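*Asks:* Here are the chains, one letter per residue:
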Amino acid sequence: MKLETTGNSAAAGNTGTALKTPITQNFWRRALAGLVRLPLLIYAILTLYPLYWLFISAFKTNEDFFKRPYGLPLVWMKENITRAWDLGHMGRAMMNSAIVTILAVALTIILGLLAAYALARFNFRFKKVVVALFLAGLLIPIHSTLVPLFLMMKKIGLLDTYGALILPYTAFELPIAIFLAMAYMASIPREIEEAAMIDGTGWWGIFGRMILPLSTPIIATISILAFLRFWNDFSFALVFINSQSLKTLPLSLSLFSDGFGTDYALTMGAMAIAVIPTIVIYLILQEQIMKGMVAGSIKG
Amino acid sequence: MPTAIRSKGFIAIALLPALLLFLVFVIVPIFWSAYYGLYDWKGLGAAKFIGINNYKVILEDPIFWRALKNNLILVVSSILGQIPIALLLALVLLKNTFFTRLVRSAVFMPMVLSTVVVGLIWGYIYNPQFGILNYILEHIGLGSWARPWLSDPKVNMYAISIPINWANIGPYLVIFIAALQNISPEIDDAAKIDGAVRWKKLLHVTLPMVWGTVVVTMVLCISGSLKAFDHVIVMTGGGPAQSTELLATYMYNNTFKVYRYGYGSAVSTMIMIISALLIGINYIVTRRKAS
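Protein chains in written order, with the numbering used here: chain A, 1 to 300; chain B, 1001 to 1291.
The hints are simulated quantities; they were obtained by calculation from the structure and are not laboratory data. Computed from a predicted model, the values in this text were never measured in an experiment. Hints may contain errors.
Straight-line Cα separation of at most 27 Å, BS3-like style, residue types lysine-lysine; simulated pairs [claimed, not checked]:
hint : chain 1 : residue 1 : chain 2 : residue 2
1    : B       : K1095     : A       : K291
2    : B       : K1154     : B       : K1069
3    : B       : K1257     : B       : K1056
4    : B       : K1201     : B       : K1095
5    : B       : K1042     : B       : K1201
6    : A       : K154      : B       : K1042
7    : A       : K128      : B       : K1257
8    : A       : K291      : B       : K1227
9    : A       : K155      : B       : K1257
10   : B       : K1042     : B       : K1257
11   : A       : K155      : B       : K1095
12   : A       : K154      : B       : K1069
13   : B       : K1200     : A       : K127
14   : B       : K1095     : B       : K1008
15   : B       : K1042     : A       : K155
16   : B       : K1257     : B       : K1227
17   : B       : K1257     : A       : K154
18   : B       : K1069     : B       : K1257
19   : B       : K1227     : B       : K1069
20   : B       : K1056     : B       : K1227
21   : A       : K154      : B       : K1201
22   : B       : K1154     : B       : K1095
23   : A       : K78       : A       : K67
24   : B       : K1048     : B       : K1257
25   : B       : K1056     : B       : K1042
26   : B       : K1056     : B       : K1069
27   : B       : K1154     : B       : K1257
Could you build the full structure based on these sequences and the hints that come with them?
*Replies:* Structural data, given as structure tokens:
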């Protein structure tokens, strides 16, 4: 999302009208800009307010939370956070989320890039069928597969393991990963491979030593999209995971809110803990996340 | 190029793992649910073949129709909410300044949150005992508007649609900004030379240029609304009295709460069919409009 700043058209518009009365023109232009900005600012604040409310409530006593919903905490209850961390087994949940997410992202990248390379560079029978299948995968509503996947994984004993999340996550992320990578690889010149071939490098060498390093930008995009999807997933974890020790963060959080239903400040504390990692990552990687989302959704 | 045999081996090894995983976990389940949908099966014991009886029961169940209607409410509210708001914001946030970047990143922020967090926060905002929404309404003299937002069947689907819109405007905004920036400056200039007034230019030049993107976002709204499962499970669980049931929660509750696996499978297949129908209808309708 490289943004073409200022735009020639705006500059051209300025010179056209500035000939008349530059000062007043300028004044009205600015006033108008200010008038547009105000509602934008209000809109932005309204968007962020629920999050702000979450964070102030996370540090309140329950009484404070009931009586003064929008004031800052009277006393900053740091215990909410530490208690929520212990009572909700948040450390364990975060660990599970991290394990599942990292392994599934790695698997998505490896399988996705290999498949994309085969599809981008070679012609073979059934290639069109394979591409069409993956394309169809983009349109299949995930929830319509919950029941059959549950039954299937129950049969093969995969239910209630890390694999019950890692494998479906990867499978559902593969189409988007493959299409992003295929489009990207189309821009890598074939001459590079031909040169390597003359040097006697095989396909695996070319893939590992040239294509992979050259694809770093698209790997980053795919990883970000996959990370957000896996880390935040709720429905697969809800249906496929049962053991307390395997529960991921969103699942633990939903159960926490049931279990400690009346201790609102505590639940808000647990949510604050869960939200912080994604917000930090978002603040650091904003541009890439936005770019990735656009690429991902347009292809989808 | 090396010998055909060597590259054949490479293609097979490179493609097969991804293809197999995808087939087993994405494509095969569709056929499984179509198959199990023909059976009466409680998960234990023998499954009894009952033909299309499950589908008959589904079509006769008023809750199914209510769930479908609720899904459509979400689709429509997304298309009428997210797309126009995002497009409007994109038009004013097009330039790249500190201020526009700030607003953009604020609007995008909820997108990275887990749906569980979104559902829980908004569940609290709507809560009739301590929810901040009723509290604010009473403070600004609109106390008569205050109500149990998630349990009043007249408004609860609309209440649920708001957090979904809230969380999803960001990506649409960024998509539209990218699309608007792809319009070449020459077209802009040409319109200006022709003396097009601002709003006329918007209507006759800019909007048609991004129409393709609008269609894409509509498809995203349709598939997005089918994903609202998480929000509903967290906020209402489909209740009260199944008034906020969606197709996916209807399937979930039938399968995992009352263990009607065969029936749940049939509902899964229905979701697939309905999703395909909606996307198909959207394709035909937007096609006609564009031509």
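*Asks:* Are the Cα positions of K1042 of chain B and K155 of chain A separated by 27 Å at most?
*Replies:* holds, 15 Å
*Asks:* Is the hinted pair K1154 of chain B and K1257 of chain B satisfied, with a Cα-Cα distance of at most 27 Å?
*Replies:* With a Cα-Cα distance of about 26 Å, the restraint between K1154 of chain B and K1257 of chain B holds, given a limit of 27 Å.
*Asks:* With a cut-off of 27 Å on the C-alpha distance, tell me whether K155 of chain A and K1095 of chain B pass.
*Replies:* This hinted pair is violated, its Cα atoms lying about 55 Å apart.
*Asks:* Within 27 Å, alpha carbon to alpha carbon, are K1056 of chain B and K1227 of chain B?
*Replies:* Holds - the C-alpha atoms of K1227 of chain B and K1056 of chain B are around 25 Å apart, at most 27 Å.
*Asks:* Check the hint pairing K1056 of chain B with K1069 of chain B against an upper bound of 27 Å on the C-alpha distance.
*Replies:* holds, 18 Å
*Asks:* Would you mind confirming whether the straight-line C-alpha gap from K154 of chain A to K1069 of chain B stays at or under 27 Å?
*Replies:* Roughly 32 Å separates the two Cα atoms, so the pair is violated.
*Asks:* Take a quick look at whether K1048 of chain B and K1257 of chain B sit within 27 Å of each other, Cα to Cα.
*Replies:* Given that 27 Å is the threshold and the Cα spacing comes to 20 Å, the pair holds.
*Asks:* With the threshold set at 27 Å, check whether the alpha-carbon distance from K1227 of chain B to K1069 of chain B stays at or below it.
*Replies:* Holds - the C-alpha atoms of K1069 of chain B and K1227 of chain B are around 15 Å apart, at most 27 Å.
*Asks:* For the pair supplied as a hint, K154 of chain A and K1201 of chain B, is the alpha-carbon distance within the 27 Å limit?
*Replies:* violated, 58 Å
*Asks:* What's the verdict on K1257 of chain B and K1227 of chain B, does the C-alpha distance respect the 27 Å limit or exceed it?
*Replies:* It holds: about 20 Å lies between the C-alpha atoms, which stays within 27 Å.
*Asks:* Compare the distance between the alpha carbons of K1257 of chain B and K154 of chain A with 27 Å, and conclude whether the hinted pair is satisfied.
*Replies:* Since the Cα atoms of K1257 of chain B and K154 of chain A sit roughly 17 Å apart, the hinted pair holds (cutoff 27 Å).
*Asks:* If you draw a straight line from the CA of K1095 of chain B to the CA of K1008 of chain B, is it 27 Å or shorter?
*Replies:* violated, 50 Å
Figure legend: structure checked against the earlier numbered hints; hints not met, in rising order: 5, 7, 11, 12, 13, 14, 21, 22.
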